[in-house]
Amino acid sequence: MTKYEKAAAGGVALMLAAAAAIFLFAPTDALQGPVQRIFYLHVSAAIAAYGCFAVVLVGGIIYLRNGSLVADRFARAGALVGLVFTTVTLVMGMLWAKPIWGTYWTWDARLTSTLVLWIIYAGYLLVRRLAEPGRQAARFAAVVGIFGFIDVPVVHFSVTWWRTVHPGPIIVNDALPPEMLATFFFTMACTLVLAAVMIGIRYRIETLADVAVQAVAEPAHMVAARDPEPVN
Amino acid sequence: MTNSFAVAVAVARKDLRAEWRTRELVPALAQFVILALVIANFGFQIDSRNAPSIAPGILWLALVFAGLVAFGRAFAAEREQASLEALLMTPASPVAIFAGKATAATLLLIGCEAVLLPALTLFFGTPLSVQVIAAVLLATIGMAALGCLFAAMVARVRARELLLPLLTLPLWIPFIVAGGQAVQVAMGASGSYDQAMALLVDFDILFVVLTSLAARFVLDD
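If you read the protein sequences in the order shown, they are chains A and B.
Just so we're on the same page, the numbering used here is the position in the first sequence counted from 1, plus 419.
To convert, note that position 203 of the second sequence is 191 in the numbering used here; the numbers rise steadily by one, no gaps.
Hints are not guaranteed to be accurate.
[To be verified] Here are a few chain A residues that face chain B, going by a calculated C-beta distance under 10 Å:
1) K422
2) Y423
3) L483
4) T531
5) A550
6) I565
7) I569
8) V574
[Unchecked claim] Facing chain B, a subset of chain A residues (Cβ under 7 Å, in silico):
9) L534
10) G542
11) L544
12) V562
[Stated by the list, open to error] Some chain B residues flagged as far from chain A (calculated, every beta-carbon gap over 12 Å):
13) V118
14) A147
15) L201
Worth flagging that the hints you see were computed from the coordinates, not collected in a lab.
Glycine included, every Cβ here is placed at the ideal spot set by N, Cα and C.
Same shape as in the complex, but just chain A:
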């Protein structure tokens, strides 16, 4: 087993433990019933997504300052993993909204800004794919990553005047019983570890991809410089 396989196995085991806590340890919600158990993963995934996008932001800023390849690879990894967690947040939220609000989607401030978040980072990954690989893609993506991170609070703020059905931060104002709170923090910790593991593995993949691109590009250049005949 490589260290990446070990880390992945650890991440999966932690998520299974979190699932056990969610379904076996946490009490059933008095008002909403079992569907409330979505809360633990829904909020944890959202926090993990924000963490990943913070990695993209910091990676982008460092890349623009000193052109560090390491920072850029972390940004790439963070964007992809963050997009996965945003998707989880949106899908779980929609599944929760259907029985409680009676609809999968409503143009609430938080839903709107999360959807915009998803669109921005999907765009980020498309920029990486469509721009010339290397410095150009990295620099453009860094700008998008920074603007995207700023845009989300702005969108959220701008739609907040319209009525909001989404509950606010219920963790800080002490509305949860201790078992639920413990389950939530455990799930959040496990999700954050999983996100970190995923970023680590993705970082490794990005490194290998860079090495492969170089290995393909460099001999061709060197051969072309030495020998004007086309090489098969």
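Using the hints, position chain B against chain A.
The following block gives chain B in isolation, referenced to the frame of chain A:
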């Protein structure tokens, strides 16, 4: 060091003069927004009662897509003649060049709005008030800053027609939210016009400052 303001004015004047001599972009944009209104007319069943609630949506849809076309063309001349590199090799600061390009693109989009807003009034009977014009102009400033930044960014990328809307539209959303609110209120919906306008000013300041900070990294290559 060349005076940055003079550089920006010179670049903007060059773009506006080129547009004045060819008269390509503004007539095309005007045609485009009129067509958008015709399509909206067939897509909705518009009468005098529902026009005030539908017209703001049509206005922003037409404006957003006209804006994408306008900013997509902002660097077309430089791209076709590969003159952006030459422009950047001069001692003028890239931010000043960017400011000039953005100013010219904004004025051209305002030219398109000068067709769109009266046409909206003519076809749908909604009021053409100072409030509507002010909201559209305020939104245009910030949208132009962002649109021009990303237009500069994708100018040398092969899939630029795909990338520009992908990058620009999500970041324009705050302007559509606040501008949409302001125009809705100006056309008779309930809500606070002043609050929406204050928010538009805040967004303008925020994004104009941010884009001028980012312009260096986008152009300076």
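We went through each hint and held it up to the structure:
Of the supplied interface hints, the one on K422 of chain A is violated, with its beta-carbon coming no nearer than about 36 Å to a beta-carbon of chain B, more than 10 Å. Because the closest C-beta pair between Y423 of chain A and chain B is about 32 Å apart, greater than 10 Å, the hint is violated. This hint holds: L483 of chain A has a C-beta 5 Å from the nearest C-beta of chain B, less than the 10 Å allowed. Contact between T531 of chain A and chain B, as hinted, is supported at the beta carbon level, the nearest pair being about 8 Å apart and thus within 10 Å.
With 10 Å as the threshold, the beta carbon of A550 of chain A comes within range of chain B, its nearest partner Cβ sitting at about 5 Å, so the hint holds. With a least beta-carbon distance of about 7 Å to chain B, the hint placing I565 of chain A at the interface is held under the 10 Å criterion. A cut of 10 Å between beta carbons decides the hint on I569 of chain A: the least distance to chain B is about 7 Å, and the hint holds. Interface restraint check: V574 of chain A against chain B, minimum CB-CB distance 5 Å, threshold 10 Å, status holds.
Because the smallest distance between the Cβ of L534 of chain A and any Cβ of chain B comes to about 9 Å, over 7 Å, the interface hint for this residue is violated. At its closest, the beta carbon of G542 of chain A sits 4 Å from a beta carbon of chain B; the interface hint therefore holds under the 7 Å criterion. Violation of the interface hint for L544 of chain A is found here, the shortest Cβ-Cβ separation to chain B being roughly 10 Å, above the 7 Å cut-off. Among the interface hints, the one on V562 of chain A holds; its C-beta lies about 5 Å from the nearest C-beta in chain B, closer than the 7 Å criterion.
For V118 of chain B, the shortest C-beta to C-beta distance to chain A comes to about 23 Å, beyond the 12 Å cut-off, and the non-interface label holds. Separation of A147 of chain B from chain A is inadequate, the least Cβ-Cβ distance of about 4 Å not exceeding the 12 Å criterion. With a closest Cβ-Cβ approach of about 9 Å to chain A, L201 of chain B is found to fall inside the 12 Å limit, against its non-interface label.
Checked against the numbered hints given earlier, the structure breaks hints 1, 2, 9, 11, 14, 15 and satisfies all the rest.
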